[in-house]
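**Q** Residue numbers (my numbering), protein chains in the order written: chain A, 32 to 172; chain B, 95 to 190.
Hints are computed from structural coordinates only; laboratory data are not their basis. Note that CB positions come from ideal geometry on N, CA and C, so glycine has one too. Careful: at least some of the hints might be erroneous.
As the list claims (entries may be wrong) - Per the computed footprint, the stretches of chain B lying under chain A, defined by three or more beta-carbons under 8 Å from a beta-carbon of chain A, are:
(1) 120 to 129
(2) 165 to 176
(3) 179 to 187
Said to hold, decoys possible - In silico DSS-like pairs for lysine-lysine, Cα to Cα no more than 30 Å straight-line:
(4) B:123 / A:94
(5) B:123 / B:181
(6) B:123 / A:140
(7) B:123 / B:177
Unchecked claim - Computed footprint of chain B on chain A, listed as stretches where at least three residues anywhere in the stretch have a Cβ under 8 Å from a Cβ of chain B:
(8) 70 to 82
(9) 96 to 104
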Amino acid sequence: MVKSNDLILRTMTVLIAFILFGFSVYLFLAGHNAPGGGFIGGLMTSAAILLMYMAYGYEAVNKVLPINYRSLISIGLLVAVLTGVGSFVFGQPFLSQTFDYFYLPILGKTELATALLFDVGVYLTVIGVTLTIILSISEDR
Amino acid sequence: MNDVLNIVTIICILVITISITLLLYRVVKGPTNPDRAVALDAIGINLMAAAGLVAILLPTTRLNDVILLIGILLFIGTIALAKYLEKGVIIDRDHD
């Protein structure tokens with residue numbers, strides 16, 4: 032197979048993948064009060080990883096991001112279930128949630144909700160499912 | 095003042111609709127596949143403009159994420175189409 036010279040695509044990928052990761056983290060954290068959330072944040076992260084796969088090829092990205100996306104699915108589901116089970120510790124029904132205000136160093140007064148932990152589970156599961164589907168389809172033998 | 099803004103926005107939406115229609119003609123009729131890819135890319139850009147104009151029309155800021163999102167997905171989709179047309183594979187593997 033002839034080695035291709037994708038200089039423009041690879042240089043743009045270095046820049047754009049960072050913007051995509053930043054935008055996905057923004058969407059993930061904005062999901063409480065604005066459009067966004069775990070699902071679309073996970074889709075954006077997998078879009079960034081997919082862009083890196085398209086620009087650099089399978090083996091190079093696997094060396095940079097040695098993540099088994101199938102195990103990411105089970106980790107995400109485990110996080111989501113554990114946030115539901117965690118409400119039993121406080122004598123509450125399954126999947127009940129709470130929030131409180133904290134003073135963080137830079138952000139000041141911030142509302143931290145336990146729904147964010149459930150969203151982390153959704154985020155990891157969406158990344159795992161999307162990239163598992165795409166990478167197993169692209170396996171051409 | 096608000097009426098002028100509404101009228102101008104509606105006129106812009108109509109112009110973008112005409113533009114998307116002409117691009118759809120190119121998608122259907124286009125002799126080669128790269129023609130269709132470029133036309134679909136331009137349709138996506140027009141959709142970004144339409145989302146921005148709709149955000150002006152119903153005064154809201156909730157659509158700003160959608161505009162950025164369409165741009166990103168359009169970029170990735172166009173790169174995937176271009177790689178397919180150029181090489182026949184979208185994700186390279188060097189296992190031979």
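**Q** If a hint holds in the structure, say so; if it does not, say that too.
**A** Here's how the hints hold up against the structure:
1. Against chain A, the segment 120 to 129 of chain B contributes 0 residues with a C-beta closer than 8 Å to a partner C-beta. That does not satisfy the three-residue criterion, and the hint is violated.
2. Check on the segment 165 to 176 of chain B: 6 of its residues sit with their Cβ under 8 Å from a Cβ of chain A, so the three-residue criterion for coverage holds.
3. With 6 residues having a beta carbon nearer than 8 Å to a beta carbon of chain A, the segment 179 to 187 of chain B meets the requirement of three or more and the stated coverage holds.
4. This hinted pair does not check out: residue 123 (chain B) and residue 94 (chain A) have alpha carbons roughly 43 Å apart, beyond 30 Å.
5. Simply put, residue 123 (chain B) and residue 181 (chain B) have alpha-carbon atoms about 24 Å apart, close enough for the 30 Å limit, and the pair holds.
6. A hinted pair counts as satisfied when its Cα atoms are at most 30 Å apart, and residue 123 (chain B) with residue 140 (chain A) does not qualify at roughly 58 Å.
7. At roughly 22 Å between alpha-carbon atoms, residue 123 (chain B) and residue 177 (chain B) fall within 30 Å of each other, so this suggested pair holds.
8. Remark: the segment 70 to 82 of chain A is confirmed as covered by chain B, as 5 of its residues place a Cβ nearer than 8 Å to a Cβ of that chain, reaching the required three.
9. Three residues within the 8 Å Cβ limit are the bar, and the segment 96 to 104 of chain A against chain B gives 0, so the coverage statement is violated.
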